[in-house]
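A.B. asks: In case you want the letters, here they are:
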Amino acid sequence: MSTMKYIDEFRDGEIAKALATKIRAEAQPDRRYHFMEFCGGHTHALSRYGVPALLPDNVQMVHGPGCPVCVLPIGRTDQAIGLALDHGAIVCTYGDTMRVPASGSLSMQRAKARGADIRMVYSPADALKIARANPSREVVFFAIGFETTTPPTALVIRQAAKENLPNFSVLCCHVLTPSAITHILESPEVKQWGTVPLDGFVGPAHVSILIGSAPYEGFARDYRQPVVIAGFEPLDVMQAILMLIRQVNEGRHEVENEFTRAVNRDGNLAAQKLVAEVFELRESFEWRGLGEVAHSALRIRPAFAQWDAEQRFDLAYRPVPDHKQCDCGAILRGVKRPADCKLFATVCTPENPMGSCMVSSEGACAAHYSYGRWKDIAIVAA
Amino acid sequence: MAIKKDYLRPIDFKTGRIDMNHGAGGRAAAQLIEELFARAFENPALRESNDGAVLPAPPPGHRLVMATDAHVISPLFFPGGDIGCLSVHGTVNDVAMMGAQPLYLAASFILEEGYPLADLKRLVDSMAAAAREAGVAIVTGDTKVVEQGKGDGVFISTTGVGWLPPGRRIAGDQARPGDVVLVSGTIGEHGVAVLSLRESLEFETAITSDTAALNGLTATMLAAVPEGSVRVLRDPTRGGLATTLNEITRQSGVGITLDEAAIPVLPQVEAACELLGLDPLYVANEGKLVAICAPEVADTLLATMREHPNGHAAARIGVVTEDPHRFVQMTTRFGGRRVVDWLSGEQLPRIC
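In the order they appear, the protein sequences are chains X and Y.
First residue of the first sequence? That's 1 in the working numbering, and the numbers climb one at a time after it.
First residue of the second sequence? That's 1001 in the working numbering, and the numbers climb one at a time after it.
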């Protein structure tokens, strides 16, 4: 009960109206304010609470690539499916990944229907339990996500090592936020051509609890981009938008922290230490939509090789291109909006996602399809 | 030598288990029907132990309504109910949502070899109690047994028959712009109660399923307002309130605008959904209904619902609009606006 009261404070409609009024008052009509919310959590909050409807026309939100499911490349999902179908392993996964389209018109869900033993879990600790309960089976945890989901994975790997659990391993696909932001800022569309107007970033909430606010100082300085770290509640996002507008108006480009109730400059050092103990940086990793991104993902350290599914099953990585007409890549980089894609809402729908942005409700396309489509249609009708 | 009197060792409802014989149509099957089902469901049609039930014809002008529902829930026992009472409530409610009075049920059981008879007895007793409470008779049935590993303990399929008074039409295509949308109480309890017990999803909760028969509530509602003023009745089961409303807008060719702040949700359900990344609008209910009615009777209907134990938390949650795109839209508590779309696939939890 008390938790919900606490949450409701961050969803108060009256405060939202007051904030919206301030945003309208402070956004100068002759200026442009295009802000990228990096995180899928922010995309979801914006859509679910109908925040864009409260913003003036020149304040626009551009969805970023921070949806863990959206950036998962086909080749990695193929590996996970292969472990279940070809190696007979029990593959444990977060629910979000079940419907991600993979090669051969498969998905984890469809592979399950073909007899693959794929189980949805809420935490890697559950995968560990399944491994203990099935000593005669190989059990693999399909570890995806940004910095937030990495420490729990590190914990179970360390626990498996401690127990010397022989039938458990992790397919590690953890990716890193700062390198993805750099990648977007370095892309020719942003840097040279200017075809993607970006005037600031809403910085990640939960990721920043882990890594702190310091890692964003480089972007603010080198790319002259304002960054405001915000919580995932709709009022957080609105407050962050107001703070970004003020930075733009005043010509500042700083890292500001709206989410002070949870984020400090250094982040969670204990979790960072744990992650460093178990993982090391990959030289390069394929992101769906962004392609190969240098130093953007984690690999399990050789000391834990026995629990690394890639080592254990001697997996080779085979990149698979997206559907030719799928614009997920451009959408993830902010170059296009969901409605610009030819496949959007025609052959690509949440029931039958062609691209990964349509799968998770955090994905730019799915969020727009489910929550915001009426606006496109209203424009067409007028 | 005298022929010995038939002797059948009574079924061991304490430690016994379902075996393949119970579905083989032989003596064991007959004994199970006799000692378990017939005894629990007790009524004249069933007592005759024929292949089917002979039922009285409805009064002149009435029509028959028939509905069927297969129940495959896991776990079989959950806070607030079990598959037994659920299988009665589900079908009774489907018949009631047509505006009909449910009277008879047929029940088919698919049992898995090895299922404990003690548990089966609990389920059957719960079913019998639910049927009595709802005023329906389980008049015919069937039992099959599948090998271990080929079922999930117990599947129950029920079919219900009811009488529909002359001239009444309550259906998904009857909603008109200007009509009012009512819901009979708080949403999401059944889904959260069941989810809380699923494997690897154990979290402590005091939420119980809302499973209940709603024919009493619908009868009271329909008696309180003029014929024709209640346009649609639906129980928002799988897919929740959002899915039900989308079905109605599609069938009626209208839109609906909801007021999020008016939709009743228990704080503990909201908290659990928050934790799991679910939206209560898409979570299943088993004892709630949505009513769409003419604006002029909305107040009376709402007051009538609130007086009934199954509708005490009823609320007015939205209006039917003219919309060629048939969208369900919602004014959020936050003051924003969004579409409440069909659910795609199963609602999956978000991870970050």
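Among the hints, a few may not be true.
Computed far set for chain X versus chain Y, every beta-carbon distance over 10 Å [said to hold, decoys possible]:
id, residue
1, I23
2, Y49
3, A53
4, L54
5, L165
6, E189
7, Y223
8, P234
9, E254
10, A271
11, R299
12, S370
13, R373
Label pairs and their in silico Cβ distance ranges [stated by the list, open to error]:
id, chain 1, residue 1, chain 2, residue 2, range
14, Y, P1324, X, T346, 14 to 24 Å
15, X, R132, Y, T1208, 28 to 38 Å
16, Y, D1019, X, G115, 24 to 34 Å
17, Y, G1114, X, S103, 33 to 43 Å
18, X, R224, Y, P1324, 41 to 51 Å
19, Y, G1253, X, E26, 56 to 66 Å
Not close to chain X: a few residues of chain Y, all C-beta gaps over 10 Å, as computed [as the list claims (entries may be wrong)]:
id, residue
20, Q1031
21, G1052
22, M1330
23, G1335
Calculated from the structure, these hints are not laboratory results.
Keep in mind it's a predicted model, so treat the numbers as computed, not measured.
For glycine and all other residues, C-beta sits at the position ideal for the given N, C-alpha and C.
A.B. asks: I'd like to know which numbered hints this structure contradicts. Please list them from smallest to largest.
C.D. replies: 2, 3, 4, 8, 12, 13, 19, 22, 23
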